[in-house]
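A.B. asks: Each chain, written out:
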Amino acid sequence: AAGVIQSPRHLIKEKRETATLKCYPIPRHDTVYWYQQGPGQDPQFLISFYEKMQSDKGSIPDRFSAQQFSDYHSELNMSSLELGDSALYFCASSLKREGWGTGELFFGEGSRLTVL
Amino acid sequence: AQKITQTQPGMFVQEKEAVTLDCTYDTSDQSYGLFWYKQPSSGEMIFLIYQGSYDEQNATEGRYSLNFQKARKSANLVISASQLGDSAMYFCAMRGGSASKIIFGSGTRLSIRP
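Keeping their order, the protein sequence lines are chains A and B.
Following the numbering used here, the residues of the first sequence are numbered contiguously, the last one being 657.
Following the numbering used here, the residues of the second sequence are numbered contiguously, the last one being 1612.
No lab work stands behind these hints, which were simulated from the structure alone.
Be a bit skeptical, because a hint or two may be false.
What the hints assert, rightly or not - Pulled a few chain A residues facing chain B out of the computed Cβ check, cut under 8 Å: (1) Asp-597; (2) Phe-648; (3) Arg-653.
Here a beta-carbon is modelled for each residue, glycine too, at the ideal position from N, C-alpha and C.
Required output: the full structure, derived from the provided sequences and hints.
C.D. replies: Below you can see the structure in the form of structure tokens.
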């Protein structure tokens, strides 16, 4: 079965550079989520989109922005990168059902960003 | 506010034994979902099992089962007949109410001894 596809899998950037991560959700999934996981930490929610509109916002820095396109893929743009942005970035997708309390959520394999 | 608590930072279990990973949660929502994910050292987040708050029966997926005790607000993961490949970090997570995002507990690192 098709899974959530993330690219690139690994990315190395210098401080103050810009990075873009891409996410392709499972076909027919209409909701995309972005998470950031620092070393030894649990994943922290950044932002989510439902039907191309932002649906929820977490601890996403102002230097970061994201959007969901008409084909439901999503991109996370990170500017003025800092050393602390080094982390594993996960995208996840799900299909909205009646109420948000139900429905499985599947993660991609993650994009590992290293800022030097 | 919602919260997930995993009180076992690490566990060691002998191969082929059953293991229970603890998870308690706090929410005021009536409708919510509980998840368990496995994260091996390679980093990917693997979905294991899901339990809806209105599901009357405990969820099972192969060797994984979720011991859901709603009144106690606990959602423990039980792995039967553990294998060496089960060594990984395990996260309990939940989603509920009007929030679409899921929140994670701090995780339990499970190590299986041969």
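A.B. asks: Against this structure, judge whether each hint is valid.
C.D. replies: Verification of the supplied hints:
no., hint, result
1, Asp-597, "5 Å, holds"
2, Phe-648, "4 Å, holds"
3, Arg-653, "7 Å, holds"
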